[in-house]
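Sequence order for the protein chains is F and X.
One point on numbering: in numbering that gives the first Met the number 0, the residue at position 80 of the first sequence is 79, and numbering is uninterrupted.
One point on numbering: in numbering that gives the first Met the number 0, the residue at position 29 of the second sequence is 28, and numbering is uninterrupted.
Heads up, some of the hints might be wrong.
Cut-off 27 Å, straight-line C-alpha distance, at most; resulting in silico cross-link-like pairs (BS3-like, lysine-lysine) [to be verified]:
(1) F:K28 - F:K156
(2) F:K60 - F:K107
(3) F:K75 - X:K275
(4) F:K291 - F:K309
(5) F:K15 - X:K90
(6) F:K104 - X:K275
(7) X:K190 - F:K107
(8) F:K105 - X:K190
(9) F:K172 - F:K303
(10) F:K105 - X:K197
(11) F:K158 - X:K190
(12) F:K156 - F:K183
(13) F:K71 - X:K197
(14) X:K190 - F:K156
(15) X:K90 - X:K190
(16) F:K112 - F:K60
(17) F:K104 - X:K90
(18) X:K90 - F:K303
Quick look at which bits of chain F chain X covers, simulated, 3 or more residues with Cβ under 8 Å [as the list claims (entries may be wrong)]:
(19) 2-15
(20) 207-219
Hints are computed from structural coordinates only; laboratory data are not their basis.
The beta carbon of each residue, even a glycine, is placed where N, CA and C say it ideally should be.
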Amino acid sequence: MSISLENISKTFNGFKALDDINLTFEDGKLTALLGPSGSGKTTLLRIVAGLELPDEKDNSKILFNNEDVIDKPVRKRQVGFVFQHYALFRHLSVFDNVAFGLEVKKRKERLSKSEIHEQVFELLRIVQLDTMADRLPSQLSGGQRQRVALARALAIKPKVLLLDEPFGSLDAKVRAELRRWLRKLHDDLHITSIFVTHDQEEALEVSDRIIVMNHGRIEQVGTPDEVFHKPATEFVMQFLGDVNVFHGRVDKNQTLLLNNAKEEANIKFLVRPHDFEILLENNNEENIFPVKAHRILTAGVMVKIEFVDKSNHLILVHLSHDSYGEIQLNLGDEVFLRPKQHHFYDN
Amino acid sequence: MQSRHIEKGLYPPFIINALITAITLVFLALFLILPLVVIFGEAFREGISIWWGSIVEQEALSALRLTLLVAAIAVPFNLFFGIVASWALAKFDFWGRSFIITLIDLPFAVSPIVSGLIFVLLFGIHGWMGPWLVKNNIQIIFAVPGIVLATMFVTFPFVARELIPLMTEQGSEEEQAALTLGANGWQTFWKITLPNIKWGLLYGVILCNARAMGEFGAVSVVSGHIRGETNTLPLQAEILYNEYNFTAAFAVASLLAFLALITLALKFFVESRINKLETL
Numbered sequence: 000m001s002i003s004l005e006n007i008s009k010t011f012n013g014f015k016a017l018d019d020i021n022l023t024f025e026d027g028k029l030t031a032l033l034g035p036s037g038s039g040k041t042t043l044l045r046i047v048a049g050l051e052l053p054d055e056k057d058n059s060k061i062l063f064n065n066e067d068v069i070d071k072p073v074r075k076r077q078v079g080f081v082f083q084h085y086a087l088f089r090h091l092s093v094f095d096n097v098a099f100g101l102e103v104k105k106r107k108e109r110l111s112k113s114e115i116h117e118q119v120f121e122l123l124r125i126v127q128l129d130t131m132a133d134r135l136p137s138q139l140s141g142g143q144r145q146r147v148a149l150a151r152a153l154a155i156k157p158k159v160l161l162l163d164e165p166f167g168s169l170d171a172k173v174r175a176e177l178r179r180w181l182r183k184l185h186d187d188l189h190i191t192s193i194f195v196t197h198d199q200e201e202a203l204e205v206s207d208r209i210i211v212m213n214h215g216r217i218e219q220v221g222t223p224d225e226v227f228h229k230p231a232t233e234f235v236m237q238f239l240g241d242v243n244v245f246h247g248r249v250d251k252n253q254t255l256l257l258n259n260a261k262e263e264a265n266i267k268f269l270v271r272p273h274d275f276e277i278l279l280e281n282n283n284e285e286n287i288f289p290v291k292a293h294r295i296l297t298a299g300v301m302v303k304i305e306f307v308d309k310s311n312h313l314i315l316v317h318l319s320h321d322s323y324g325e326i327q328l329n330l331g332d333e334v335f336l337r338p339k340q341h342h343f344y345d346n
Numbered sequence: 000m001q002s003r004h005i006e007k008g009l010y011p012p013f014i015i016n017a018l019i020t021a022i023t024l025v026f027l028a029l030f031l032i033l034p035l036v037v038i039f040g041e042a043f044r045e046g047i048s049i050w051w052g053s054i055v056e057q058e059a060l061s062a063l064r065l066t067l068l069v070a071a072i073a074v075p076f077n078l079f080f081g082i083v084a085s086w087a088l089a090k091f092d093f094w095g096r097s098f099i100i101t102l103i104d105l106p107f108a109v110s111p112i113v114s115g116l117i118f119v120l121l122f123g124i125h126g127w128m129g130p131w132l133v134k135n136n137i138q139i140i141f142a143v144p145g146i147v148l149a150t151m152f153v154t155f156p157f158v159a160r161e162l163i164p165l166m167t168e169q170g171s172e173e174e175q176a177a178l179t180l181g182a183n184g185w186q187t188f189w190k191i192t193l194p195n196i197k198w199g200l201l202y203g204v205i206l207c208n209a210r211a212m213g214e215f216g217a218v219s220v221v222s223g224h225i226r227g228e229t230n231t232l233p234l235q236a237e238i239l240y241n242e243y244n245f246t247a248a249f250a251v252a253s254l255l256a257f258l259a260l261i262t263l264a265l266k267f268f269v270e271s272r273i274n275k276l277e278t279l
């Protein structure tokens, strides 16, 4: 099912959490809502679910497959919602948690006891918790709890699955595992899914599409490749990874001149740490930076080098261990940096 | 070595430890256990048959009946309104919320005598609603309705005080989850909210009940002390005592003390239940 939002705003006590959002979530895709805290991404998710009402405007619409559900209460929207802190029913067993959505149905729509039992166990097998059906939530680990929450949300055969920072409160290892597992689950079920995250790596790794948000507005919509390699705004570029910022000018002939004098600069020039080439000699090219190696960190997947330029600005460069071995750099060495890839935005 | 040093700093020396424990025990014995022993001792001084005779005596029985009746009305009332008030105050944020939370404590803050006087001023013959009540032949003050009202007022905070922090801490995410799963408001309350608060609720009800049966001040003001009609157990005990009928007074008092002991036992059970749930 596709979901479209038209002219959605939300104000909390004068604070604009969402500012006139227009957006479409494609059918069957796993979309990430990515942004810093306070960017409005969770509010947007809760509005789709019906847990929050948008500001009242005549032209506001929330379309589920072209049907406007803006006046439908949450319990009739048939959305699967997974909360950041699981929100499992603490007094109910894993089985009863998952069965809840099936048991509260009206009598004539409700399945028989044995059918419910069968469906619940099928879901528990999918989330690999069928051996823990009798446990209480408090007897499970964080990762297991989140899987119960997911099974519970899937039990009502939702048209859309909404996940609010689903892995936010898990430790790094479990998180990476659950991420892969969520992706696989989505590939099997193909249910339209939206998940909120502030972790750019998570968004890049798991989703089909990413919506980058900031200050209640949408900065960019695109595939992970698009937002990473062609960031539409400076914010997106900054948010999706480390960047080095330079100030520069584009002159009348459209040639780029880099100097670090902010006053004269009319553009910002952004380079990711892995997009530099290190030259041992100045080959008289334009736009290369003379720098000095200030700090070298070799423990890690990449070698991280902090250079300082002549006005003492820090420049971060990431290098593979192989390339690092080739150039034989030592602390205090003076070398030159040439950006291989860059993005620039108006100042 | 290091750890022993730390322990030395953390725990007081044996002598101080023993002293503190002794003070506590002496205090408990003097102010709690001794009075209890005296009550039962005095009550049974002249033998069990005299005690029994004082209990089944008509006025005492009527006082017991009235006490139970008042508790049977006031406690369910406060149970219901306590839940409603806590739910509204804990799950929703609105203007004036903290003021209302403070207001709920009002019956604890004012003297019970004042609580009783409020009702006399409202419903007494010379009170605000007095003339209207007289005209319609309704008697509240110096009658059972007044006693019930005063008791309700005095015991109102118990359930709400217990539930508001509990419900605030639990938040409303579980309820929201239930709604997304298709439950309606009623189902959400019975299947999610109520089971989550049931032990705290029971605890509040037990305390509420104890106070409802034991309330003296407010009830004394509105009761009128009509023997066999508007005397509750605490009032009956006082009347008998003032008439130098000590054995009967202590017999009635022992009944109250006995109800208090049952309440304590229930409270102990519920508390250990709550602790067990929390450590899970």
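Going down the list of hints, with the structure as the test:
no., hint, verdict
1, F:K28 - F:K156, "16 Å, holds"
2, F:K60 - F:K107, "32 Å, violated"
3, F:K75 - X:K275, "37 Å, violated"
4, F:K291 - F:K309, "8 Å, holds"
5, F:K15 - X:K90, "23 Å, holds"
6, F:K104 - X:K275, "33 Å, violated"
7, X:K190 - F:K107, "20 Å, holds"
8, F:K105 - X:K190, "15 Å, holds"
9, F:K172 - F:K303, "23 Å, holds"
10, F:K105 - X:K197, "26 Å, holds"
11, F:K158 - X:K190, "25 Å, holds"
12, F:K156 - F:K183, "18 Å, holds"
13, F:K71 - X:K197, "32 Å, violated"
14, X:K190 - F:K156, "21 Å, holds"
15, X:K90 - X:K190, "17 Å, holds"
16, F:K112 - F:K60, "39 Å, violated"
17, F:K104 - X:K90, "25 Å, holds"
18, X:K90 - F:K303, "49 Å, violated"
19, 2-15, "violated (count 0)"
20, 207-219, "violated (count 0)"
Violated hints, listed in ascending order, are 2, 3, 6, 13, 16, 18, 19, 20; each of the other numbered hints is respected by the structure.
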